[in-house]
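Colleague: I would like the entire structure built from these sequences, with the hints used as guidance.
There are 2 protein chains.
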Amino acid sequence: MKTMGLSRLSLVNPKHFPDPQAVARAADADDILEQAQVCSSLDEALAGTVQVYALSARHRNLGPPALPAREAATDILSRAGEGEVALLFGNETAGLSNAEVQRCQRTVFIPANPDYSSLNLASAVQLLCYELRLAAFDGHPPVVTRAVPFASPPAAHEDVERFYLHLERVMVSSGFLDPQRPRRLLPKLRRLFGRAELERDEINILRGLLDAVERKTSPGGAPCDTPGEGLGSAAK
Amino acid sequence: MKTMGLSRLSLVNPKHFPDPQAVARAADADDILEQAQVCSSLDEALAGTVQVYALSARHRNLGPPALPAREAATDILSRAGEGEVALLFGNETAGLSNAEVQRCQRTVFIPANPDYSSLNLASAVQLLCYELRLAAFDGHPPVVTRAVPFASPPAAHEDVERFYLHLERVMVSSGFLDPQRPRRLLPKLRRLFGRAELERDEINILRGLLDAVERKTSPGGAPCDTPGEGLGSAAK
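Quick note, the sequences are listed as chains F and Z, same order. One gets the working numbering by counting positions in the first sequence from 1 and adding 39 to each. One gets the working numbering by counting positions in the second sequence from 1 and adding 39 to each.
Relax, there's no trap hidden among the hints.
If chains are identical, the list can't say which one is meant, so a pair holds when it fits in one copy or spans any two.
With a straight-line Cα cutoff of 25 Å, these simulated SDA-like cross-link-like pairs (lysine to any residue) come out:
| # | residue 1 | residue 2 |
| --- | --- | --- |
| 1 | Lys41 | Tyr155 |
| 2 | Lys227 | Gly120 |
| 3 | Lys41 | Asp154 |
| 4 | Lys227 | Gln144 |
| 5 | Lys41 | Arg99 |
To be clear, the hints were calculated from the coordinates, so they are not data collected in a lab.
Modeller: And the structure:
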């Protein structure tokens with residue numbers, strides 16, 4: 040990371056941290072380790088991000104759209120103008136689970152030998168950071184404006200996750216989703232809304248609709264984790 | 040090397056070879072180690088080459104011309120048509136001596152953070168091999184399936200429009216949308232789903248959910264323009 044000018048590292052549930060072996064291997068990059076943020080969940084690590092890119096050598100069923108590393112670097116830089124973006128890497132042995140990948144809006148792959156395509160974690164991180172540096176300094180500054188009429192700022196990761204929870208609740212209470220037999224409905228909807236790259240205003244509209252539906256189906260008082268947020272904000 | 044499709048490795052005076060630790064670390068790339076040529080001098084390793092590129096982070100007085108990795112990859116490929124070319128790397132601790140670099144026709148550097156520019160040997164090898172692979176397939180990119188697995192065919196225009204009608208009906212019946220004061224909610228949702236480029240399967244899921252919500256809110260029999268379509272299709 041440091042060789043390419045990146046500095047912010049978040050670790051989710053590291054087995055050992057801080058760890059003398061890690062410090063020794065970091066050589067003069069131990070400042071990155073010292074400043075690393077340790078999180079107890081992926082959602083905590085991703086809080087505040089507007090776009091997350093998951094590095095994955097494998098194709099994922101229902102995974103978000105996949106970009107090769109070089110194209111991804113340009114895309115990442117263009118999104119970085121809108122808010123915090125994150126690159127998500129799995130650990131050396133297990134990589135990322137499907138559930139983790141589905142929390143991201145893009146997957147990134149490194150074009151490799153199809154007969155032997157899995158790079159070491161360190162190599163993959165190095166490559167991505169290298170592509171980011173070159174994309175950032177290539178003399179062709181990325182176009183930052185992605186203005187689309189009526190666009191509101193991108194939704195933050197935690198707001199998108201709350202929307203999914205709310206959607207799931209309505210899917211269950213309406214009888215559409217049987218938790219005993221979920222039929223991959225939720226991953227499929229994650230894939231859809233992930234492609235759309237939800238904006239803050241859209242989240243408010245969608246949650247306002249879910250609120251209204253809940254009130255209608257249980258008139259005694261709808262369960263709602265953020266009372267009044269949805270409809271009110273959507274009116275803006 | 041193997042992840043990027045390269046296979047020929049020459050080792051000059053290795054301290055330990057073969058070495059069980061190297062074999063273990065090579066994972067499924069141990070065939071590269073088995074076929075490695077062991078040489079007793081650099082000249083022996085370079086015999087028969089028409090061009091040698093030395094990787095070096097440091098600027099060398101009197102060294103050969105320096106190219107950044109990406110440019111070097113194109114140059115290397117163009118020379119490869121003329122005969123054997125080699126990439127020369129120093130060992131992890133000492134790198135290459137000036138005398139060794141001067142046996143080469145080019146040096147290659149990896150654009151990096153000027154405050155921390157020295158990559159690990161493995162990272163440098165990985166990066167160069169990656170650039171070579173991309174340069175080799177530039178213009179003739181290896182077939183990469185960009186399709187997101189489980190994508191169903193794109194939804195037909197009329198199905199999308201029926202979905203919007205259905206959505207609007209639920210928005211009104213739930214009290215979320217006041218037809219007298221629509222506040223551009225529908226155009227905003229059209230914009231969202233338009234960006235996502237809905238697939239047929241997704242339309243079925245969304246309409247199945249709308250059906251279920253309608254059944255719940257008016258148990259006497261939901262109005263439905265295409266009875267049974269939504270939920271049934273989503274179950275496929």
